[in-house]
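Novice: Given next are the chains, with one letter for each unit.
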Amino acid sequence: MSFPWAEHYTPKNPVMKWVDERLPLPRLVYNAVGAGYPVPRNLNYFWNFGVLAGVALTIQLVTGIILAMHYAANAGIAFDSVEHIMRDVNSGWLLRYAHANGASFFFIVVYLHMFRGLYFGSYKAPREMVWLLGVVIFLLMMATAFMGYVLPWGQMSFWGAQVITGLFAAIPVVGEPIQTWLLGGFAPGNASLNRFFSLHYLLPFVIAGVIILHIWALHIPGSSNPTGVEVKGPQDTVPFHPYYTAKDGFGVGIFLILFALVLFFAPNSMGHPDNYIAANPMSTPALIVPEWYFWPFYAILRACTMDFSIPFTGIVIIPAKLLGVMAMFASILLLFFLSWIDTSPVRSGKYRPLFRKFFWLLVADVLVLGYCGGAHAEEPYLMISQLATAYYFAHFLIILPIIASIERPDPLPGSITEAVLAKSKNKSDAVDAVPAAAAAE
Amino acid sequence: MATEVQGTDAVVGEGEGVRRRDFINIAAVSFAGVGGVAVLAPLINQMNPSADVLAQATTEVDLSAIEEGQAVKAVFRAQPLFVRHLTAKEIAEADAVDPSTLRDPQTLEDRTVDGKKQWLITMGVCTHLGCVPLGAGEGENRGEFGGYFCPCHGSSYDTAARIRKGPAPKNLVVPPYKYTSDTAVLVG
Amino acid sequence: MVRFLGGLVGLFFAGMLLLSFIWGAVSVVPVLSEHGKLVAPTAESEFHEHPRQVAWSFNGPFGKYDEAQLQRGFQVYSEVCAACHSLHQVAFRSLADLGYNEAEIKAIAKAHQVPAIDPNTGEATTHEGTPADKFPLVYPNDVAARAANNNAIPPDLSLMAKARHDGANYIHSLLTGFREQPAELLRKFPDAKTGEGLHYNPYFANLNIAMAPPLTAEGQVTYGEGQPKPTVDQMAQDVSAFLMWAAEPKLEARKSTGVGVLIFLIFGTVLAYMAYQNIWAGKEH
Numbered sequence: 127m128s129f130p131w132a133e134h135y136t137p138k139n140p141v142m143k144w145v146d147e148r149l150p151l152p153r154l155v156y157n158a159v160g161a162g163y164p165v166p167r168n169l170n171y172f173w174n175f176g177v178l179a180g181v182a183l184t185i186q187l188v189t190g191i192i193l194a195m196h197y198a199a200n201a202g203i204a205f206d207s208v209e210h211i212m213r214d215v216n217s218g219w220l221l222r223y224a225h226a227n228g229a230s231f232f233f234i235v236v237y238l239h240m241f242r243g244l245y246f247g248s249y250k251a252p253r254e255m256v257w258l259l260g261v262v263i264f265l266l267m268m269a270t271a272f273m274g275y276v277l278p279w280g281q282m283s284f285w286g287a288q289v290i291t292g293l294f295a296a297i298p299v300v301g302e303p304i305q306t307w308l309l310g311g312f313a314p315g316n317a318s319l320n321r322f323f324s325l326h327y328l329l330p331f332v333i334a335g336v337i338i339l340h341i342w343a344l345h346i347p348g349s350s351n352p353t354g355v356e357v358k359g360p361q362d363t364v365p366f367h368p369y370y371t372a373k374d375g376f377g378v379g380i381f382l383i384l385f386a387l388v389l390f391f392a393p394n395s396m397g398h399p400d401n402y403i404a405a406n407p408m409s410t411p412a413l414i415v416p417e418w419y420f421w422p423f424y425a426i427l428r429a430c431t432m433d434f435s436i437p438f439t440g441i442v443i444i445p446a447k448l449l450g451v452m453a454m455f456a457s458i459l460l461l462f463f464l465s466w467i468d469t470s471p472v473r474s475g476k477y478r479p480l481f482r483k484f485f486w487l488l489v490a491d492v493l494v495l496g497y498c499g500g501a502h503a504e505e506p507y508l509m510i511s512q513l514a515t516a517y518y519f520a521h522f523l524i525i526l527p528i529i530a531s532i533e534r535p536d537p538l539p540g541s542i543t544e545a546v547l548a549k550s551k552n553k554s555d556a557v558d559a560v561p562a563a564a565a566a567e
Numbered sequence: 004m005a006t007e008v009q010g011t012d013a014v015v016g017e018g019e020g021v022r023r024r025d026f027i028n029i030a031a032v033s034f035a036g037v038g039g040v041a042v043l044a045p046l047i048n049q050m051n052p053s054a055d056v057l058a059q060a061t062t063e064v065d066l067s068a069i070e071e072g073q074a075v076k077a078v079f080r081a082q083p084l085f086v087r088h089l090t091a092k093e094i095a096e097a098d099a100v101d102p103s104t105l106r107d108p109q110t111l112e113d114r115t116v117d118g119k120k121q122w123l124i125t126m127g128v129c130t131h132l133g134c135v136p137l138g139a140g141e142g143e144n145r146g147e148f149g150g151y152f153c154p155c156h157g158s159s160y161d162t163a164a165r166i167r168k169g170p171a172p173k174n175l176v177v178p179p180y181k182y183t184s185d186t187a188v189l190v191g
Numbered sequence: 037m038v039r040f041l042g043g044l045v046g047l048f049f050a051g052m053l054l055l056s057f058i059w060g061a062v063s064v065v066p067v068l069s070e071h072g073k074l075v076a077p078t079a080e081s082e083f084h085e086h087p088r089q090v091a092w093s094f095n096g097p098f099g100k101y102d103e104a105q106l107q108r109g110f111q112v113y114s115e116v117c118a119a120c121h122s123l124h125q126v127a128f129r130s131l132a133d134l135g136y137n138e139a140e141i142k143a144i145a146k147a148h149q150v151p152a153i154d155p156n157t158g159e160a161t162t163h164e165g166t167p168a169d170k171f172p173l174v175y176p177n178d179v180a181a182r183a184a185n186n187n188a189i190p191p192d193l194s195l196m197a198k199a200r201h202d203g204a205n206y207i208h209s210l211l212t213g214f215r216e217q218p219a220e221l222l223r224k225f226p227d228a229k230t231g232e233g234l235h236y237n238p239y240f241a242n243l244n245i246a247m248a249p250p251l252t253a254e255g256q257v258t259y260g261e262g263q264p265k266p267t268v269d270q271m272a273q274d275v276s277a278f279l280m281w282a283a284e285p286k287l288e289a290r291k292s293t294g295v296g297v298l299i300f301l302i303f304g305t306v307l308a309y310m311a312y313q314n315i316w317a318g319k320e321h
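So the sequences go chain by chain: A, B and C.
Position in the first sequence counted from 1, then plus 126, gives you our numbering.
Position in the second sequence counted from 1, then plus 3, gives you our numbering.
Position in the third sequence counted from 1, then plus 36, gives you our numbering.
There may be inaccurate statements among the hints.
Said to hold, decoys possible - With a Cα cut of at most 20 Å, we get these calculated DMTMM-like pairs of lysine to aspartate or glutamate: (1) Lys358(A) / Glu320(C); (2) Lys76(B) / Asp154(C); (3) Lys120(B) / Glu71(B); (4) Lys146(C) / Asp65(B); (5) Lys73(C) / Glu504(A); (6) Lys319(C) / Glu133(A); (7) Lys181(B) / Asp113(B); (8) Lys181(B) / Glu138(C); (9) Lys551(A) / Glu320(C); (10) Lys291(C) / Asp102(C); (11) Lys119(B) / Asp98(B); (12) Lys92(B) / Glu70(B); (13) Lys100(C) / Asp133(C); (14) Lys146(C) / Asp55(B); (15) Lys224(C) / Glu70(C); (16) Lys286(C) / Glu209(A); (17) Lys142(C) / Glu63(B); (18) Lys146(C) / Asp133(C); (19) Lys265(C) / Asp102(C); (20) Lys291(C) / Glu209(A); (21) Lys553(A) / Glu320(C); (22) Lys181(B) / Glu112(B); (23) Lys286(C) / Glu103(C); (24) Lys319(C) / Asp25(B); (25) Lys286(C) / Asp55(B); (26) Lys73(C) / Glu505(A); (27) Lys142(C) / Asp55(B); (28) Lys146(C) / Glu63(B); (29) Lys119(B) / Glu63(B); (30) Lys319(C) / Glu544(A); (31) Lys286(C) / Asp206(A); (32) Lys549(A) / Glu320(C).
Simulated from the structure, these hints should not be mistaken for laboratory data.
Please put together the full structure from these sequences, using the hints given.
Specialist: Here is the structure:
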């Protein structure tokens, strides 16, 4: 691996030796998540979310494969087959609630993982590829989650499919044929349901594949860390196992406790009641909203209420609907360019006072967008989401490059070890300051 | 997960704390193992028949419409069920066989309810590899022993649905059933 | 180059959104000056009420259904609601959850005619229900349901308690919420008068529901010995609890499993934390 002081794999027993000589899989695992991967010693709890995302994906894969054993992807019986799972299949309610809430938890974990990357500058050189692959995973997750939400064939499923495929209809000229092609009909129907099911089953495995690339790319430069200062020598790192396996074990415990709380005591709190009404092409729910994890993007979509036109001529260049679709896709796609937009040589937000202020503003902005995206499309939510969307784009595309050129970063520690020792010195100073029994001893 | 324990030697210092510390690591890993095994239970159990399938595990058959010499096919647990009204001749043929000479020794009495010897109720599933034997339908080949004949691999059953010739190892299975009235049977 | 193009894109979107915001702000001014609010009030926004909270036995992490209440609720459903509303996700066999024994379930199933195929003619017919059957539909299809009910389809109730926000409370409030349209509403919104064949109910999303008040008089359903007095409120609570069960029959199993799982996880996580501290002992980080 990348660091010369990484421990080398020596098989502990003859069987592993035999396997390793023929297929070096044990070696691969050892070097990827075992003692052979040196990791900065100063990672905080935000570095748990990568492993947690893996746990969430595993939960989704296992429960999903099982649900597919009982679910019927047919517009006539899909809704009833979900109720069959909930009522008659052994532990079916558990598996389905785990899958539905597992999707939410997967997004919570991935959003926190992205938050970590954004704050600590994990997207910067030399980790651009890790970030790019991460954005690809995020896009695949969104597609998978959307198609999964269609499968129960309730009211929100049906109208969600209608609205989301309708986004493509905004494309000039070819838009409507594309929507018809996506749906396999003029409205969501059996053809749509079957293809969404097929792709919903396929994409998670694609995600798993891209995750392998994501981890591979991560292991070239090694993990980033809260100071953003690169590893300088063996004193800066600890082997992944047992240090971070132990820390991740604790993180997984906390994650599972929170997951169990929702799964067992409020399993419908993150879903929409309308999806317990069977799909009805003749009546639209009063409020069509996607699942909560799409709300910020939905708010951006709805915020665009104005045509882009030449003033006083009535010539429309981009109609409002298309503008909304463009803004929504742009809001995600701009993440691909982040590594080249933010040129500050300092990675971690810890040492970037100006960046930090705007960063927290962005966090608040996205939360506001999320709130507006889940609300009715009326004032004041429209106006708020328009302001928030404007800030979102301004933050990434205008403010970040400007900060990078005008900001004076705080002094960086000389190395990870230096930062760690400084921190523990502060702590022990604080202890020494207490003139108590400890001193007497 | 099990390897987690080994690596701890590197970090746990020498001295009296070692045993207690090892114990905590082992306990944490075994706890995770127990949890993992517990999770397997619902993941495996979900493949067992669901409540709606189990609820349909009984079948009622009306015997009044079946004339002597006739047989009907009903459905029991999603498999064919043969209900046959034996003629006196068929009963005599079945009784004439010495059970000790049979591959699966049983008498017709063993296979019917006392006093209802003429009603032969069996599964329509060949005990060889599960094909549906012929002989319950009108005009079907009943094989050389006048009972049922399985076209898949040539097993022949006699009028008590006992295996007489061919590869099947056992007689056609008699499911559990009881008479709810003189002319009605509840199977299952 | 990336930054330059990105900046242009950013200016474009941010600019368009700011323009939309200004336009929105301008168009909101007349509404604001007239009503003092950003959105013109409607009868719904002013008079719609959120469900009243009932202390259900199934609330909370240790909540359980009250079997006697579910049986009373089932009685209300059968004698009142079932005339128009089906319950077609629910199988008779699952009534065992309510404490009915096998013979009682058989009798209940037998009282319903479920669709079947005549074995001799192959024509569609019905036969007496068995425990394995589900509650049959009241109307063969939506068209028939519409035709029989003044153009409003009585929805299936199997999932009603989960298909509405705050389901059980909502059903209880709705059933007891029928009243005269307030004079104040008519004064403020003269156009919002409850239409012919509709009934005013502040808990219903658009305030006017096609269903006539189903529970109108105390004693409409006769409860057995030792049961509470069948007031309208009591009957409404009972049938709401029953419909909660119908929508979420595995609630008790879910909560009790959850308590066990949580205890296990908390123990395991404490152990994991100790192992983590233990492995990192002496390692500054």
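Novice: Next, verify each hint and record whether it holds.
Specialist: Against the structure, the hints come out as follows:
| no. | hint | in the structure |
| --- | --- | --- |
| 1 | Lys358(A) / Glu320(C) | 17 Å, holds |
| 2 | Lys76(B) / Asp154(C) | 16 Å, holds |
| 3 | Lys120(B) / Glu71(B) | 12 Å, holds |
| 4 | Lys146(C) / Asp65(B) | 18 Å, holds |
| 5 | Lys73(C) / Glu504(A) | 12 Å, holds |
| 6 | Lys319(C) / Glu133(A) | 18 Å, holds |
| 7 | Lys181(B) / Asp113(B) | 15 Å, holds |
| 8 | Lys181(B) / Glu138(C) | 18 Å, holds |
| 9 | Lys551(A) / Glu320(C) | 10 Å, holds |
| 10 | Lys291(C) / Asp102(C) | 15 Å, holds |
| 11 | Lys119(B) / Asp98(B) | 14 Å, holds |
| 12 | Lys92(B) / Glu70(B) | 14 Å, holds |
| 13 | Lys100(C) / Asp133(C) | 11 Å, holds |
| 14 | Lys146(C) / Asp55(B) | 18 Å, holds |
| 15 | Lys224(C) / Glu70(C) | 14 Å, holds |
| 16 | Lys286(C) / Glu209(A) | 12 Å, holds |
| 17 | Lys142(C) / Glu63(B) | 14 Å, holds |
| 18 | Lys146(C) / Asp133(C) | 18 Å, holds |
| 19 | Lys265(C) / Asp102(C) | 16 Å, holds |
| 20 | Lys291(C) / Glu209(A) | 19 Å, holds |
| 21 | Lys553(A) / Glu320(C) | 11 Å, holds |
| 22 | Lys181(B) / Glu112(B) | 15 Å, holds |
| 23 | Lys286(C) / Glu103(C) | 14 Å, holds |
| 24 | Lys319(C) / Asp25(B) | 17 Å, holds |
| 25 | Lys286(C) / Asp55(B) | 15 Å, holds |
| 26 | Lys73(C) / Glu505(A) | 9 Å, holds |
| 27 | Lys142(C) / Asp55(B) | 16 Å, holds |
| 28 | Lys146(C) / Glu63(B) | 15 Å, holds |
| 29 | Lys119(B) / Glu63(B) | 17 Å, holds |
| 30 | Lys319(C) / Glu544(A) | 14 Å, holds |
| 31 | Lys286(C) / Asp206(A) | 17 Å, holds |
| 32 | Lys549(A) / Glu320(C) | 9 Å, holds |
The structure is consistent with each of the numbered hints, conforming to all of them.
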